[in-house]
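A.B. asks: Sequence:
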Amino acid sequence: MPDVNGVTETTACGTPVATGESATVGETRLEAELRRLAGSVPDPELPVLTLEELGVLRGVQILAPGTVEVKLTPTYTGCPAIEAMTSDIERVLHDHGIPEVSVVKVLSPAWSTDDISAEGRRKLAEFGIAPPRAHAAEGPVPLTLSVRCPNCGSTDTELLSRFSSTACKALRRCVSCREPFDHFKEL
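Counting the sequence shown from 1 gives a position; my numbering is that position plus 845.
Derived from the structure by calculation, the hints contain no laboratory data. Just so you know, even glycine gets a beta-carbon here, dropped at the ideal spot from N, CA and C. Heads up, a few of these hints could be off.
[Stated by the list, open to error] In silico BS3-like links for lysine-lysine, alpha-carbon gap of 27 Å or less: (1) K1030 - K950; (2) K950 - K916; (3) K968 - K950; (4) K916 - K1030; (5) K1030 - K968; (6) K916 - K968.
[Said to hold, decoys possible] Label-pair ranges, simulated between beta-carbon atoms: (7) E914 - R967: 26 to 32 Å; (8) G998 - S885: 26 to 32 Å; (9) E1024 - H939: 38 to 44 Å; (10) G998 - E945: 47 to 53 Å; (11) F1008 - S953: 21 to 27 Å; (12) V951 - E1031: 16 to 22 Å; (13) A979 - P892: 21 to 27 Å; (14) C997 - L908: 46 to 52 Å; (15) L908 - E1003: 46 to 52 Å; (16) D940 - C1022: 39 to 45 Å; (17) F1008 - S885: 28 to 34 Å; (18) S1021 - T922: 34 to 40 Å.
All chains, full assembly: derive it from the sequences and hints.
C.D. replies: Given below as structure tokens:
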């Protein structure tokens, strides 16, 4: 990773940025590497997902030599996990030689379950949590949307509780296999 203190020919932790590693528009290669590091932090409530896969990491910017700002959007206002996310991001970046890290909460645009990556949705299903359904861009929306059981694949499921182990999830049961499961609610 290039040195955050302005020297781009050297590495801060002994590993160079891979050739061809792409940065998003307006993002330097160093910022892209710092974003990769911050994005690799596991979500404290759903450790099967990283913050990048969850879609809450909005950006990383180098403000000055040795000073980095990370933009993070909570899944909902008042989300208790945001403090743990902040601490974990700060720790990871400090461990990689960044002396000053500030994590800024960004509330607009609001996070949506559409921000969860395809890999994140796959991991949720593999972990036994029905991933949220993608919102249709346009056209009619069915009044009742089925939730697929992550265990057997049946869409014959029933709601047991609007809330489960976290406020973001509902508890459902499959009528076919009778197994209960969490469903990540659409927001």
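A.B. asks: Next step is simple, just say for each hint if it's right about the structure.
C.D. replies: Okay, the hints, checked on the actual structure:
Of the supplied pair hints, the one linking K1030 and K950 holds, its CA atoms being roughly 22 Å apart against a limit of 27 Å. Restraint check for K950 and K916: satisfied, since their Cα atoms lie roughly 6 Å apart, inside the 27 Å limit. Under the criterion of a C-alpha separation no larger than 27 Å, the hint pairing K968 with K950 is consistent with the structure, at around 26 Å. A hinted pair counts as satisfied when its Cα atoms are at most 27 Å apart, and K916 with K1030 qualifies at roughly 24 Å.
With a C-alpha separation of about 16 Å, the suggested pair K1030 and K968 falls inside the 27 Å cut-off, and the hint holds. A distance of roughly 24 Å separates the Cα atoms of K916 and K968; the hinted pair therefore holds under the 27 Å criterion. Separation of E914 from R967 is about 31 Å and conforms to the stated range, judged on CB atoms against 26 to 32 Å. With their beta carbons about 30 Å apart, G998 and S885 fall inside the hinted range of 26 to 32 Å.
Between E1024 and H939 the Cβ separation comes to about 42 Å, which falls inside the hinted range of 38 to 44 Å. Here the CB-CB span from G998 to E945 is close to 49 Å, well matched to the stated 47 to 53 Å. One distance hint, 21 to 27 Å for the beta-carbon pair F1008 and S953, holds here, with the actual separation near 26 Å. The hinted range of 16 to 22 Å is satisfied by V951 and E1031, whose Cβ atoms lie roughly 21 Å apart.
At about 23 Å, the CB distance of A979 to P892 agrees with the hint of 21 to 27 Å. Between C997 and L908 the CB atoms are about 50 Å apart, so this pair conforms to the stated range of 46 to 52 Å. A C-beta distance of roughly 50 Å is found between L908 and E1003, which places it inside the suggested range of 46 to 52 Å. At roughly 43 Å, the beta-carbon separation of D940 and C1022 lies within the given 39 to 45 Å, and the hint holds.
Hint check: F1008 to S885, Cβ distance near 29 Å, so the stated range 28 to 34 Å holds. Taking 34 to 40 Å as the suggested C-beta distance range, the pair S1021 and T922 conforms, at roughly 37 Å.
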